[in-house]
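Working from the sequences, and respecting the hints, build out all of it.
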Amino acid sequence: RTGPGAFTDTIMSHFEGLRTGGKTFWNVRVLPKVVLGTHPLGEEGVSQKHPDVVIAHRYSGVWKKKTGWNGKRRWYDHIAILWHSIMSDLPAYREKLAARDEHFQMPLVDPKREYPVTALWEPAFDLMTPLVGTMEENDASSKSEHRSAEGYWLTLYGRPKVVTHSPLRAGQNPAEILFAGLERHAGKHIPERAVFIDIGAGLGYYSNAAASHGDDVYSYEWDETLLANFKTSVEYNNFGDHVKISADLGKLKSGEAFRDMLLKTKKIDAMRIAGRGYEMDILDGFKMFVAAGDFPMALLLEMRPALIEASTKHSTEDIIAMFQYLWSNGYTDIGHVGPACDGRGVRKIKTKGLKSQFENTAWCRIDIASVKGVLSAMSEDEFETIIMFSDRH
51 RTGPGAFTDT
61 IMSHFEGLRT
71 GGKTFWNVRV
81 LPKVVLGTHP
91 LGEEGVSQKH
101 PDVVIAHRYS
111 GVWKKKTGWN
121 GKRRWYDHIA
131 ILWHSIMSDL
141 PAYREKLAAR
151 DEHFQMPLVD
161 PKREYPVTAL
171 WEPAFDLMTP
181 LVGTMEENDA
191 SSKSEHRSAE
201 GYWLTLYGRP
211 KVVTHSPLRA
221 GQNPAEILFA
231 GLERHAGKHI
241 PERAVFIDIG
251 AGLGYYSNAA
261 ASHGDDVYSY
271 EWDETLLANF
281 KTSVEYNNFG
291 DHVKISADLG
301 KLKSGEAFRD
311 MLLKTKKIDA
321 MRIAGRGYEM
331 DILDGFKMFV
341 AAGDFPMALL
351 LEMRPALIEA
361 STKHSTEDII
371 AMFQYLWSNG
381 YTDIGHVGPA
391 CDGRGVRKIK
401 TKGLKSQFEN
411 TAWCRIDIAS
421 VKGVLSAMSE
431 DEFETIIMFS
441 DRH
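Residue numbers (this note's numbering): 51 to 443.
It is worth saying that the hints were derived from the structure and are not from the lab. Think of the CB as a built atom: it goes at the ideal place given N, C-alpha and C, for glycine as much as any other residue. Among the hints, erroneous ones may be present.
Stated by the list, open to error - The calculated DSSO-like cross-link candidates involving lysine-lysine, where the alpha carbons are at most 27 Å apart (straight line), are: (1) K294 to K337; (2) K422 to K303; (3) K405 to K422; (4) K316 to K301; (5) K301 to K317; (6) K316 to K294.
What the hints assert, rightly or not - What follows is a list of derived Cβ distance ranges for each label pair: (7) E367 to D417: 10 to 20 Å; (8) I418 to G300: 25 to 35 Å; (9) K405 to R163: 22 to 32 Å; (10) D344 to G221: 22 to 32 Å; (11) G305 to D441: 45 to 55 Å; (12) N410 to P141: 33 to 43 Å.
Shown next as structure tokens:
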């Protein structure tokens, strides 16, 4: 997946032709890959200064001239090339030539085009992603959060983004920890299909992963571009019978969405909250489940305290109080991974009772005494992933 280009355009035309023809099977797999380069004039909508551009394509000749592959240079053109070679600014000089070359142009790029990327999951599924660098930042999220939501982590790794010094080993990324925990309890506690709530679903990695295992999923996503890609993924993967999608952030913040969920389902097995600054408002609604005696076995949070404080009136003390509330209601097996985990150096906590879900992993542990220290160690720019397992299952 290298962005616009002749090969990519051919693959996309094939894929879109199958979709519009009513066929659901696609015999091409697009593997996750970082963006390799961009047009030097930014004509496909992605700047060469974009942080995910590893190799910037450089204009190295007049190969699009009608006069041929190398073109017909005059004597002073050769002198100019020699001079700029000596001055070590030949790439910049050639890019200036390109800007004046009417034949050096890219085809128009549709910013709403949805690029299929195969997720590294078993069973595999495809996610639709927007062209990197084309989404506008229209909320309080930082660039790093917006890049996360846009799917850069997926094109890099094919799995949920986690900011760590070293890559997590197989079986230890957040989705694997979360859903493996559910499966270990399936025999005793989940006699039928599990119910998963995904708030801030983004492109739908977690929702599609749960649906691929046959779980029922209630998803919430309020960004229009992400929502459009998410819906297309669900449709293309034939998960429509398993995934129900809502875009109403207001209902989440007011708690009305949780009241609706209590009426729709008798139990909830796991929940993910990536509220992009509104985690505390959403967790206030989560208390309705606890009050009703429904304790989801697993709760995943993607949290950045700096963004919470910038987006709402909640302070660090409010976040600590929420952790204390969850701890007192049985969420005592807590692990986290991300910048704070990398910086702490303390990874093990003695667990009372049941074996921890995080033993023999690279995840750091949290107890109620260490919450304040963990929050203070969290990055201002990258979120920390936290998973809590209830001891009441």
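Review point. Hint by hint, which ones does the structure fall short of?
Key: Per hint list: 9, 11 and 12 violated.
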